[in-house]
Each structure stands twice: as C-alpha cells, then as structure tokens.
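Each chain is listed here by its residues.
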Amino acid sequence: MQEYTDKIRQIARRLLEEGTVDMVIGFRKGSMPIMNEPCMVRRPQDVDQLVWDSNCGINLANYLTDRKEKIGVVAKGCDSRNIVTHIIENKIDRDQLHIIGVPCGAMIDKRKIASLVEGEITDVTETEAGKVIVKGEGFEKSFDKAEVLQENCAICIHRNPVVHDEMVAEPVEEQTDVDRYADIREIEAMSDAERKAFFDDLYKECIRCYACRNACPLCYCPTCFVDESRPQWVGKGQNENDIRTFHFLRAYHCAGRCTDCGACERACPVGIKVRMLTKKLEKDCKELFDWEAGISLENRPPLDAYRPNDPDEFIK
Amino acid sequence: MTFVKIDQKKWAEGVSALKKGYQVFGPVKEGKDHEFRKLSGDQMPEMDYGNTRLSPKAAIYPQSEVMFTYTTDERKDDHHILKEPERDETPKAVIGIRPCDAFSFLLVKKNFDTPEYKDPFWLRAYDATTFVGYGCDDPCSSCFCTSAGSGPFDEKGLDVLLVDHEDGYLAKVLTEKGKALTEKAGWTQAFDAGQAEKVFGEKAATAEGKFESQISTDRLADIPSMDLYDAPFWEDIAFSCINCGTCTYLCPTCWCFDIQDECRGCDGVRMRNWDSCMSSLFTLHGSGHNPRGDKVSRVRQRFMHKLKYYVDKYGDGIQCVGCGRCVRKCPVNIDIRKVCEMMNQYDPEAQNECACPTT
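Heads up: the sequence lines are chains A and B, in that order. Going by the numbering used here, 21 is the number at position 32 of the first sequence; the sequence numbering is gapless. Going by the numbering used here, 331 is the number at position 303 of the second sequence; the sequence numbering is gapless.
Everything labelled a hint here was simulated from the structure, so no lab data went into it. Don't take each hint at face value.
[As the list claims (entries may be wrong)] Rough simulated footprint, nothing fancy, chain A against chain B, three-plus residues with beta-carbon under 8 Å:
| no. | region |
| --- | --- |
| 1 | 72 to 86 |
| 2 | 260 to 269 |
| 3 | 291 to 304 |
| 4 | 323 to 332 |
| 5 | 362 to 374 |
C-beta: ideal position from N, C-alpha, C; glycine also.
Given only the sequences and the hints, what does the whole structure look like? Please build it.
The structure is reproduced here in structure tokens:
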C-alpha cells in the first residue's frame, strides 16, 4: 500500500506544481481505526497528507458534484464508474478531471471486524502478506484480508478504474468466479409475508439521518423528495411506512445507475444493509438490459434512454 | 448522602419492583450494540456495555413526539382545535445511564427551561424522571468526558450512582428522587459511608487514569466570535462532510426540533421531530432564501454552536459532554476533538502564518 501512497503523492505534487489541476481530492489518514477521511489538497506542499490503504471505501465521486475547478481525483474501480455516471449526467465535465486511477485491492469492513472481536478496537494494520492485524485492550488477532472485506468488495468484478488519465500501479486481476446475487435470489424466493417481515426487520433501526443518501454519489437532487414540502410526499416522523417509502423510492431512483460501491451501507450509523434493495435493481438491469452502470461514457443508463427500435411493444 | 449495597438477587427483585411504579428504561443489547429501551415484562437492563449507540436522550425527548391531535372533520364540534393527547404520566426511571449522558440533560435543560420559555413536553418528562447512573470503569479510547465538564463517575444530573461492587452494586443515593426510587426497589441495605467513599474514590481515580483522549477549551471564550467564524480552516474541516444527521441524532446534547402537522384522513397530529443543522432544510426560509445554504456554513454552525456560541451564552463550558459518539460514528471521520483543538488554538493575529490549505 505504501507504493500506492507514494505514487499518489508524487502524481498529486506534479499536477499541482504544473498547474494541471486546482486541487486533488483523495484520502487522508483518519483519527479512528479503519477510517480515512476524504480531503482536498490545493498546494504541492500539502500532498503528504494523502494516503491509500484498505480504508478508502468512501466514494469520492460524491465530492465532484457540480464543482467548477480543475480537479485531480483519486479513483478506485467503483469511484471511476460513478465518475462516468456523473459525466453522463452532466454533474462534472470530463475535461475538468484528471483521474488518478487506483487498481483496488478491496476495502475492509469495520463492522465485520468489530463482530469478530470482543472489546474496543484501537488499531488495525495490514501486512504485505494480506493479513489484517486487529489490536485492542488485551487482544491481538490476525485475519486473512479476504475474511473481513466489505461485502460489496468481496463480490466486485470491476476493481480497476474504467476511466483514468494515469494509473498508480499496474491493473489488478479482476474476479471472475463470483456469484453477485446469491443473497438477492434468497429474498426473491421468499413468500410475500416472509419478504414483508424481512424488510420490516431490515429498516427497523433506521433513524432517518439520511447518511446512506448523502454518501451516495447518485443522490445529488437539489431537493430530495423526502425534503419536499410543497407537496409533501412523505411524512417526517418515525412512521414505518414513511421510512420504507424513503428507502424504496431512493433505491428506484438509483436503478440502472448504482455501481454497488457500498458507500450507503458503509455510512449507515446503525448498520442497515442498504444494498439489499439497490442490488436487486442492479440484478434486474443486468438481466433485462444486460446493463452494468458506469462502464462506458458512450451509453446512457437504460432507464434514461429511449430507442425507436425498442423490442418491447408496450412502449411504442 | 447515603450508600446502599445491592446484591444480584436484590438487583433483579428491585428492577421488577420498580416496574410497578415507574416506566423503566435501560440498556438492551440489539445486534452488536446497546440501546436504551423501555424495559418490558421481565426484561432486565444489560449492564455489561460501554455506551449505547444512540444517546438516551430519547427517553425524555423522543425522536418523534406527538404534541397535539386534531380533526378536520367539520361534522365534529371540536374540529380544527388542537388537543393534548393522552399521555402516560407514570414516572420514568432511566437505569444504567452513563454519567456523561446524565450530565447532558443539564446542558439541554438550559435550552428547554429558561425564564422566558419553558418547554412543557421536555420539562414534564424530565421532572418525572429519576436517573440511576452507572460508573464507567472502562472508558472508550475516543471518550473525552474528563475534559468536557464531566467524568466517568461524575454525579451531576444523577439521582443515584451505581458502581460495581463484589457480586452486585454499591449505590450512592444523591437526591430525594433517588431515595424514593431505592426505597421503592427495596434497595435499603445501608453501607458504611466512609468505606463507600473510598471505593468510589478509588474507582474514579482508576478510570480517570485510563483516558487517552482530551480536548482543550480554555481559549474558546476569549477568541472573538467573528474571528473564529472567519477562520480559514472551515473549508478544510467541512470538505469531507456529507451533511447527514448522524452526529446530531446520536448526540446527547443536540436539542433542535422541527414541528410538522400530518393528517391521515381527517385525523391529524402536530408532532415534533429531531432536526439537524446539517440539513439545508434546517434554515430554509419561506422566501426561498437560505442563510446557511452551503455545506461549509452548516458544518461551521454545528461546531460554533457547541464550542463557541454556547460557551458565550451560558458561560458554563461547552455544549458537549465528551461521550465520543459523533467521533465513532461519523461516516467520514470528522472528529470534534480535532476541530475543538483548531478552534481553541486559533490565533487571528497569526493569520499570515497559517498553514491552512485555503490560499
């Protein structure tokens, strides 16, 4: 990981010194274990705060929305796919960006690690040999990195950036033998009553902080439907129907656009598996339209395009 | 001030007895974390916890609370008249609350109980509540209560303070409310005061020695508000913020709310819900103007309110008890300890030498 960090700093310094960009957006070391903080660097002398490791799960495309500057942005596979989506949806110009591509080694999941140890975690480090060492008061445990990956990373098939201006390393090998939708098929196989119970349970702890929405690069609406007051679409209290309405509608709004970056789930302070809905829609888009979001700048998302030769009769 | 000894048997019997006269709230494990919940049936407080994920403020101040009900059915005589709903007036007991969280109610009280305005909903609930604290032997590494006006065995805001002792607890009865509660629970086995003070003192000293995290607040009152407001670090602090409500909703001292009327059919309620200064809607005017329309101004507001405006208005410390929840749960790792340090260290005179990356 240190090579990635060194290379990111080197590229950022060059871009800022040359004046190719006004700022570089990347990560700096967090104050808590398993956390890094998105940051922007405007001066060459400040690039040494930039880091890269397995705690860079936040999607940096979220920080590009409607910006006017020339920006160098550090992008792993999923960030790059959301950058593509941002460009297609006119949230940023390709010409404004210098994309520093990071072949991603997958991110680790702080909740999963917390569930595997007893007591407070005070330090988490990674070895070159692919081990994650977790320390706390009175314990030290070692895990294979593969055991503690974020769930979306474990099934990711686009770890390399799909668009970039330069790369910090050679591409990593993509996973090919993953079953992306095993959990979704289980939900699909449920009876109506089971499925209702599943979703009731899924959202029962939601506090409507909207961290999932705000961490999502797709959720850039100037006023989200839950915040509209004229007309008011959704109640503001803790009514369970209102909570579900928020989650269901948000997921549908992301259909055909979601890259399964996992930012929503990572951000949730109460650990809701927010991806269970967005992934179902991702699966549908794959099966119905053979579509994966954010892979190419040439094609618009299926729900955002009309073709005169559409094979379905109903639309004609 | 009296001390009583509570063994495990008495503890279980006492909690059951309390349920006959109080609505009892306590920490309950849900998934990996604990939350404060109203205990039902034979449910016991699960005391083997660090701190709850959300603060216990909801026991007094629910996230969503019906203030009034009304009907829009004009065939009814009382249509369009606000009425108070039936409320459970049974006193409440919050058992096992950490001292930092108990102290937070005193901070919040400054807002809800003023000479000019008294919030009837909050005050009614607060006055009817007895707080039974639980000393904190193992503070988290991200807790900083000792430098935020509280401490792991702080008694402020508590009616009773429990500490682990032998196979049960020692209870320090601090107020008349606390005395009534311990009597109702049958916790009356007196314990020698001198010996108890020694136990409490030693435990507090041991726990205080474990703190790794501290903040400095000594200069906050002296730095002019406008200098802090215009300080160059806000853009850098706010950059990563996604403006979610996690910090404000988890915070025991965040008290802001929003009032909404919601009507289903002809039956309506006027409710209040926790609000968050992180949301742009928080300050949106009817005209469409928004005085805090951008993220930097909202992030600045949160920290300025807690660490400067509150300090200036009440002259009694910061609006933070150091529970560390916002530090642990912020999705992007914005850390109030770092921000407080930057504010407290800020020297407006040395502006030109400032190394902040905004030039």
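Structure-based check of each hint:
no. : hint       : result
1   : 72 to 86   : holds (count 3)
2   : 260 to 269 : holds (count 3)
3   : 291 to 304 : holds (count 3)
4   : 323 to 332 : violated (count 0)
5   : 362 to 374 : holds (count 4)
When the structure is compared with the earlier hints, a violation turns up for hint 4 alone.
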